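Okay, here's what each chain looks like letter by letter:
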Amino acid sequence: MINMILSGLLLVTGILGIVLSGNLIKKVMALNIINSSIVIIFIYQGSLTGRHAPIITGEEKSIVDPVPQALMLTAIVVGICVTALALVLVYRMYRLYGTLDINEIEKRIRDE
Amino acid sequence: MKRIIHTVLIAVFSVFLLFSLLSIDKTPDSAGDYLLAKGRDETGAINLVTAIYLGYRAFDTLGETIVLITSVSAVVFLMGGKA
Amino acid sequence: MKKTDILEVVSRKLSPFIILFGLYLITYGHLTPGGGFQGGVALASGVVLLLLCQGQSVIHRYFPLKKINYTEVTGYLLFILIGLAGLVAGRGFLSGFDMFMGYAIPGSVIIFILNLIIGLKVGAGITLICYYLFIEKGDDE
Numbered sequence: 196m197i198n199m200i201l202s203g204l205l206l207v208t209g210i211l212g213i214v215l216s217g218n219l220i221k222k223v224m225a226l227n228i229i230n231s232s233i234v235i236i237f238i239y240q241g242s243l244t245g246r247h248a249p250i251i252t253g254e255e256k257s258i259v260d261p262v263p264q265a266l267m268l269t270a271i272v273v274g275i276c277v278t279a280l281a282l283v284l285v286y287r288m289y290r291l292y293g294t295l296d297i298n299e300i301e302k303r304i305r306d307e
Numbered sequence: 000m001k002r003i004i005h006t007v008l009i010a011v012f013s014v015f016l017l018f019s020l021l022s023i024d025k026t027p028d029s030a031g032d033y034l035l036a037k038g039r040d041e042t043g044a045i046n047l048v049t050a051i052y053l054g055y056r057a058f059d060t061l062g063e064t065i066v067l068i069t070s071v072s073a074v075v076f077l078m079g080g081k082a
Numbered sequence: 484m485k486k487t488d489i490l491e492v493v494s495r496k497l498s499p500f501i502i503l504f505g506l507y508l509i510t511y512g513h514l515t516p517g518g519g520f521q522g523g524v525a526l527a528s529g530v531v532l533l534l535l536c537q538g539q540s541v542i543h544r545y546f547p548l549k550k551i552n553y554t555e556v557t558g559y560l561l562f563i564l565i566g567l568a569g570l571v572a573g574r575g576f577l578s579g580f581d582m583f584m585g586y587a588i589p590g591s592v593i594i595f596i597l598n599l600i601i602g603l604k605v606g607a608g609i610t611l612i613c614y615y616l617f618i619e620k621g622d623d624e
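Chains as they are written, first to last, in this note's numbering: chain F, 196 to 307; chain Z, 0 to 82; chain H, 484 to 624.
These aren't lab readings, by the way, just hints derived from the structure by calculation.
Keep in mind that a hint or two might mislead.
Stated by the list, open to error - With a straight-line cut-off of 30 Å between C-alpha atoms, the simulated DSBU-like cross-links for lysine-lysine are: (1) Z:K25 x F:K256; (2) H:K549 x H:K496; (3) H:K496 x H:K485; (4) F:K221 x Z:K1; (5) F:K302 x Z:K1; (6) Z:K25 x Z:K37; (7) H:K550 x H:K486; (8) F:K222 x F:K302; (9) F:K221 x F:K302; (10) H:K496 x H:K550; (11) F:K221 x H:K485; (12) H:K486 x F:K221; (13) H:K496 x H:K486; (14) H:K486 x H:K549; (15) F:K256 x Z:K37; (16) Z:K1 x F:K222.
Said to hold, decoys possible - Just so you have them, the derived chain Z footprint on chain F, three or more residues with Cβ under 8 Å: (17) 218-230; (18) 239-251; (19) 279-287; (20) 290-303.
Predicted, not measured: the structure shown is a model, and the values here were computed from it.
Positions of the beta carbon are idealized from the N, C-alpha and C atoms, including for glycine.
If we strip away everything but chain F, and leave its shape as in the complex, we get (with noise of 0.2 Å):
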């Protein structure tokens, strides 16, 4: 119940960032904080099956679901990938216009 409050604020946090923010910077840093309430939400969820590591030792024991963890794993590389491309494309706009603000380099678009 808190958890999933907790992990769904998480992900509007992520949202406002977005949407609010004017520094691309900042845009992107949120983009990773809506990755990792994704991941939060996964988990918990797959944890909701048992109590152990899903790892076999030899006697039967309630383990945790691992399938969401392994989807997961895919879904952090792919963000940090996702993360270091847009992270080099905001470098190269700062180079091109010496701003990081979505509205001043909107302006010198359309100046253009």
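Once you've looked at the hints, dock chains Z and H against the given chain F.
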């Protein structure tokens, strides 16, 4: 003005998000039970996360490495590296 | 920015242990918590610690960029080759092989090899990303 509209829209969205998050059912544990019973014998890995990651879903891992290598080459190209 | 002695000493002493821990995570990936990706990120963090605290000359001496590049590309090639080896053995792409020259090999061997390849590849990739993001135009060479 624009910021206020955006904030109100996100507040409405977050209410719907809260209701949908709280109404998620418990995940079915049929996949976990199958993996607990057979995963070790079918892939040979004791760690079930690795058994899925490199055993059952190895093709997914191949696609992920393609994503990684594309991202790395794009970063190297865009930062103007000499390597 | 001024570099203190603490940074200099601690990074030099700590970085080999971080790299060793990354190798442990990779090689024990099928037995304990860990795996290729996590171990690769630990490896990369050790190298990035050296890069941030000791400067670029140390990185150029111990981890030449050209070799990191080759590791990245060769890892991808080896991954596909192992997948094709499963195809040659008659079981399907990336499904491994259970007999090799008449000897039966356990199924965890293929997972161990794939873990090793993924770990080195992810470590090389994240090191390259961090290197090119942290590099400053003024102080190259």
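Hint-by-hint comparison with the structure:
1. Between K25 of chain Z and K256 of chain F, the direct Cα distance comes to roughly 19 Å. Compliance with the 30 Å bound is thereby established for this hinted pair.
2. Simply put, K549 of chain H and K496 of chain H have alpha-carbon atoms about 25 Å apart, close enough for the 30 Å limit, and the pair holds.
3. A distance of roughly 20 Å separates the Cα atoms of K496 of chain H and K485 of chain H; the hinted pair therefore holds under the 30 Å criterion.
4. Taken as a hint, the K221 of chain F and K1 of chain Z pair is honoured in the structure, with Cα atoms around 19 Å apart against an allowance of 30 Å.
5. The straight-line distance between the Cα atoms of K302 of chain F and K1 of chain Z is roughly 17 Å, inside the 30 Å bound, and the hint therefore holds.
6. For the proposed pair K25 of chain Z and K37 of chain Z, the alpha carbon gap of about 23 Å is at most 30 Å, so the pair holds.
7. As the CA atoms of K550 of chain H and K486 of chain H are separated by approximately 28 Å, the hinted pair is consistent with the 30 Å bound.
8. Only pairs whose Cα atoms come within 30 Å are accepted, and K222 of chain F paired with K302 of chain F is accepted, the gap being roughly 19 Å.
9. With a C-alpha separation of about 19 Å, the suggested pairing of K221 of chain F with K302 of chain F holds against the 30 Å cut-off.
10. Straight-line distance between C-alpha atoms of K496 of chain H and K550 of chain H comes to about 24 Å, which keeps the hinted pair within the 30 Å bound.
11. The hinted pair formed by K221 of chain F and K485 of chain H meets the criterion: a straight-line CA distance of about 27 Å does not exceed 30 Å.
12. Taking the CA atoms of K486 of chain H and K221 of chain F, the gap is near 28 Å; set against the 30 Å cutoff, the hint holds.
13. Our distance criterion of 30 Å between C-alpha atoms is met by K496 of chain H and K486 of chain H, whose separation comes to about 16 Å.
14. Using a Cα cut-off of 30 Å, the hinted pair K486 of chain H and K549 of chain H holds, with the two alpha carbons roughly 28 Å apart.
15. The suggested pairing of K256 of chain F with K37 of chain Z holds, with an alpha-carbon distance near 14 Å, which does not exceed 30 Å.
16. Of the pairs offered as hints, the one joining K1 of chain Z and K222 of chain F holds, with about 17 Å between alpha carbons and a cut-off of 30 Å not exceeded.
17. By the rule of at least three residues with a Cβ nearer than 8 Å to a Cβ of chain Z, the coverage given for the stretch 218-230 of chain F is violated, with 0 such residues.
18. Note: the stretch 239-251 of chain F has 8 residues with beta-carbon separation from chain Z under 8 Å; the three-residue rule is met and the coverage holds.
19. Counting residues of the stretch 279-287 of chain F whose CB falls under 8 Å from any CB of chain Z gives 6; the rule of at least 3 is met.
20. Remark: the stretch 290-303 of chain F is not confirmed as covered by chain Z, as 0 of its residues place a Cβ nearer than 8 Å to a Cβ of that chain, below the required three.
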